[in-house]
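A.B. asks: Sequence:
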Amino acid sequence: MPAPPLSTDSETLIKANPQLLPFNDVNSGNLASLYPAIKLILQNADFIAIDTEFSGLGGGSYDTKAPNLDQRYKGLVQLAKDHALVALGLTAFSKKKNASQEEDNAQQWIAHNFNILLKPMREYRVDPRSLQFLSESGFDFNRQIRDGVQYMPGDWPRVDQKSAGLVEKENQENASMQFGRAKSTERTPAYTKPSHEASLIRSLVRHISRLSIPIITHNGFLDLIFIYDAFFASPPEKLQTFVADLTDIFPGGIYDTKYVAEYMSREGATFLSYLYRKYERQQARLTLNDKQRFDIEVKSPFNFNKDRAKKISNDGGEGNDSTQDSRSKSKRRKTESSSRPYCSHFATHGHCKYNKKCGKSHDLDLILDEEEKEEAQKKRKTDSMSESQLSTQETLNEHPQMHPTPSTIVQPVALDAAPPTLFPSTDSVPTLPRAPVPSAQSYHSAHFDSYMTGYIFLHQSLKLFSVDEMTTEARNRIYLMGKDIPLRLQKSMYTTISKNWAQAKQDMGIL
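Reminder that position 182 of the sequence shown reads as 288 in this note's numbering, one-by-one numbering, no gaps.
These are calculated hints, taken from the structure and not from any lab test.
Computed Cβ-Cβ distance ranges for the label pairs, DEER-style:
#, residue 1, residue 2, range
1, Asp401, Met614, 30 to 40 Å
2, Lys589, Met227, 29 to 39 Å
3, Ser598, Pro173, 19 to 29 Å
4, Thr602, Arg581, 18 to 28 Å
5, Met370, Met227, 33 to 43 Å
6, Ser572, Ala390, 20 to 30 Å
7, Thr602, Leu394, 47 to 57 Å
8, Met370, Leu175, 16 to 26 Å
9, Arg372, Leu392, 14 to 24 Å
10, Asn136, Met370, 38 to 48 Å
11, Gly358, Asn395, 24 to 34 Å
12, Leu392, Gly166, 40 to 50 Å
13, Asn248, Ser572, 43 to 53 Å
The calculated EDC-like cross-link candidates involving lysine to aspartate or glutamate, where the alpha carbons are at most 16 Å apart (straight line), are:
#, residue 1, residue 2
14, Lys202, Asp152
15, Lys203, Asp401
16, Lys201, Asp401
17, Lys344, Asp176
18, Lys203, Glu403
19, Lys187, Asp169
C-beta: ideal position from N, C-alpha, C; glycine also.
Go ahead and model the full structure; you've got the sequences and the hints to work with.
C.D. replies: In structure tokens:
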């Protein structure tokens, strides 16, 4: 979510421990000046990662977790109509075109970050918990009111002021003819002319649909509904029609990194900042000539934003424990959880209901270090048991009269044994430096979330899976909370695009 922006004259190479992330702070004061440059950068991108921040999630007043997807979609659409986007994060990633670069070397990428502050030209709801969360994440509401880019959501009226005046005059004449006088006139609904900046921001976002490049989200179903309502048209009533519209709006495909993490790589935790930091650490361990490695050169802001910076610090969020099927497992895990130096709630879900008052750490590096220690300890136990089984089997082969028993075969490592070091001396893996890194609080800004989303996508595409696998298995599959299957963005042969989007396409001149 929005946080104080950053600027620097030099281009910054984001490595394993970024302390500053350059980005362009886009607001009502500079949108017109930045518009041509942003449009050109988006046009040259290989893919664009997006993230949104909005004024609330509606609490329990919307059916946003309904088992029936059509019912859930209607609840999410109503939520988007009642609330507002307050920030849009866009990160344009483009691969460096360098003929001299060897194929076996790490890939070189360029990233441009944009944090667009927004305010709607209509009334909207805000939720107290969302306001608190945004405020704790560094969002400046006074600045949003003062400098936010105006946008007009939904379908824009297809009349201008002149034609609206003619309609009003005609109504007055009709009233005069019917009642002999026009003391009270019947007026058409009030017409709000979109501001220049509202036209610019809608044009800018709609420009993305012309590019036919991949759009990357993380748990992006609600983001897509908000973006559709804010910049394209009023969402259609039926989910099937919305799906048809999305496939038409983003022909380059939509990828959801949370879906990939949940269903393809099967990560233990899949919240955004956890995946980002985990993959960032993995990338830092790869050699410079490893073709699974990539380096990202994050471009400095344009000269319009010379004194703003995104500083990274450490803090936390909110969450819940999952229910365990077995009482014994639950008891053991609770014991393990209480003995850990970090918050298990946060490590699993990315948030903690105690927030800053939590007595345990929300430091992602500490969490990942401890998880790696646990994995190393499990591996050591497995290796020890395998050696024990092999030794026992050799004894049995030599003395067939002996009968194996569990105590003879298995020699588990004592629970109170000293844990192995994170990186044993026999390993060539370098130890990561303990430098200040992004935390839950500083991670929540639209531009940084979009950057992390794109970073995760690159790692998934290069390190975990092939490009072909991602295209086949992840394209147009959106993660759905509480569902075992994703939302497939696949237009049915019996479904057409909505009238609202068809009209918008005509306005854009792409029909």
